[in-house]
Amino acid sequence: MTVLTSFVKDFVSGKIRVVDLTQTLSPDFPSISLPPEFGQAWPFRIEEVSRYDERGPAWYWNNFSCGEHTGTHFDAPVHWVSGKDLPRNAVDTIPPERFIGPACVLDCVKESAADDDFLLTAGWIKKWEKKHGKIPKHSWVLMRTDWSKRTDPVDYQNYDEEGQHSPGPDVDAVKFLVEERDILGFGTESIGTDAGQAYHLRPPYPCHTYMHGAGRYGLQCLTNLDQLPATGAVVIAAPLKIRNGSGSPLRVLALVVG
Amino acid sequence: MNRPKRKNPILRTRLPTLPPGARSRIALGLTAAAAEGRFALQACRDCGSVQYPPRESCGVCLSVSLSWKSQDGKGQLISETTLHHSNDLFFRERLPWRLGLVKLDAGPSVVAHLHEAIRSSPSRVVVSARLDRAGQAVIVAFPEKEAAVMAEDVRLREFTCDPANRKILVTDGKTAVGQALVRQFSELKAEIIWVGYAEPWKKFPGFDELKKIPQVTLLPLDVTDSKSVREVAAEIGGKVDILVNNAEHHRALGIANRAGVETARAEMDVNYFGLLRLAQEFGPAMRSRGADGKASAVAWVNLLSIYALANFPPHGTFSASKAAAHSLAQCLRAEMRAAGVRVVNVFPGPIDDEWNQLLLPPKVSPSNLAKAITTALQNGIEDVYPGDVAQEWLERWRDNPKALERELSE
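So the protein sequences, as listed, match chains F and Z. Heads up, the first sequence is in our numbering, so the first residue is 8 and it goes up one at a time. Heads up, the second sequence is in our numbering, so the first residue is 610 and it goes up one at a time.
Heads up, a few of these hints could be off.
[As the list claims (entries may be wrong)] The following label-pair restraints were derived from C-beta to C-beta distances: (1) 893(Z) x 46(F): 42 to 48 Å; (2) 64(F) x 811(Z): 38 to 44 Å; (3) 124(F) x 860(Z): 56 to 62 Å; (4) 56(F) x 1007(Z): 40 to 46 Å; (5) 756(Z) x 68(F): 19 to 25 Å; (6) 869(Z) x 8(F): 51 to 57 Å; (7) 64(F) x 764(Z): 31 to 37 Å; (8) 265(F) x 893(Z): 18 to 24 Å.
[Unchecked claim] Covered by chain Z, per the in silico footprint, the following chain F stretches (three or more residues, Cβ under 8 Å): (9) 109-123; (10) 234-240.
These aren't lab readings, by the way, just hints derived from the structure by calculation. Since the model is a prediction, treat every value here as computed from it, not as a measurement. Cβ coordinates follow ideal geometry from the N, Cα and C atoms, glycine included.
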């Protein structure tokens, strides 16, 4: 019996389950927005081509449009200026084996509930490791905040006059994960891998800067992280193969035992 | 004016009928002026006579050198009559109807609809040309001394789109113009004001003040999202009497100073496709309600720009999107005409907002723009050019569009 036949056996018997970590693509899901003078990503939009009607009698289909960074999506290193000159840095050239990896789920629900601007620190991660073990090489590290349970877009985006307020990693946490744990990438439930106020960190947007600068990836707008164990799940996150694409919406699946 | 009774829901909703709409090409000169709120008659360049009805040549000296000149409309009502019978469907439903013969001080005599504030003849009156339900100019007489509001005459009210007691949708409440419109509609006693706002997570200045206005209901509405437009139309489309589409996307860029098409596309998506989406979702219900009792669907207002007539290169892609919207608004006007729903196109000069920050005055203030729109609705005007820049450009464009193009490229 090969590893794969034993996998299939466990999968078919239900011993291995699939958890969908993806938000539904719809115009209602909030989109990232930059200050109005900058270029903007298209929000997700959908237009009916035909629906068993005079436009196409026996078939139903739509045209949809969106930016590469819409809904649950993948960030490639080329997305950020720090990763622009790396080899194999776009969604079409990243080695496909790097889309699959073990997941470490950092439960920051309590901290995020207490502080919308909660910053995950290297110290916090080291404490987590004392309980759950060292983060393995080539892991997807997922920051669970239950932000995806904010179903009202106003709460999810959480803007005030100083901008967005949502949790994310601080500078040292990102450096630690990249340099000392050699992870595949970092994932969040909120609209960015960086905190809402990360523009004011030094450097601004540390997760984008260091993660992509080191050829690592980002996943954002994840959901159902509450259904994953702290360790032991496997995440499959394969973006669309867009030539020189900086990212793409994708279906993120986690395989869980039990 | 009191709120009209609500419609009786067990009776069939009447279908819209229109007064006779055929006009000769020459007679449309009266309509063209009335569309802007002016009363103009043909004047002979050779002998100076003013004439009515419009003709190919001067009735006095046979000269063909005629021009349309604005008139003050003053004259003497010499006789009046009340119609009790008509075979025309529009008038048949509205009898009795008063008409009078007015001898204008400028010379000709005209047959005019009489405002009910005119109590007797003979008396001094002022006539003006107004658009009727068919969108054609007719002549209406008001008392000379007394201020008379057209909408207060039960029959002439149908020639206006007065906001009083009407149910109004303003598509974008996030802008200063949108908020000024809402305040004025509220002061003019609109019954309901629905106010759309896109991207609800971006709270905007003025949101809390809008919520305090008693007639206001705020609705998430994004004209770039067909689903959103469809859902809002499904909820309120059958009730909207006046739709004001003020949603616009404006970036001050030409072709050369912005790479790529994304900004221009966003302008088209809001300014052109937004209008198309609204028209497809709200148009049918409004057309079916052109004669829905005293508070029927009456008007559709498009916030265009004077740049729709001639491209202003520093705002070049915005101008192009407004020109596209203007063209589509003409299509909408044709499609709404059969229902008697007036399409009001508004062509302001630069608005005093953040996207015109670096333009020198004069700029139209949001409240003056809103005032121009509500006045146009009250007076039944369909082409509005608010602000000094709009007025001046319009004149230059009419005089010589090529010259204006060249001047704007300096």
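For each hint, the structure was consulted:
| no. | hint | result |
| --- | --- | --- |
| 1 | 893(Z) x 46(F): 42 to 48 Å | violated, 36 Å |
| 2 | 64(F) x 811(Z): 38 to 44 Å | holds, 42 Å |
| 3 | 124(F) x 860(Z): 56 to 62 Å | violated, 32 Å |
| 4 | 56(F) x 1007(Z): 40 to 46 Å | holds, 43 Å |
| 5 | 756(Z) x 68(F): 19 to 25 Å | violated, 60 Å |
| 6 | 869(Z) x 8(F): 51 to 57 Å | holds, 55 Å |
| 7 | 64(F) x 764(Z): 31 to 37 Å | violated, 49 Å |
| 8 | 265(F) x 893(Z): 18 to 24 Å | violated, 55 Å |
| 9 | 109-123 | violated (count 0) |
| 10 | 234-240 | violated (count 0) |
Of the numbered hints given earlier, the model fails hints 1, 3, 5, 7, 8, 9, 10; all others are met.
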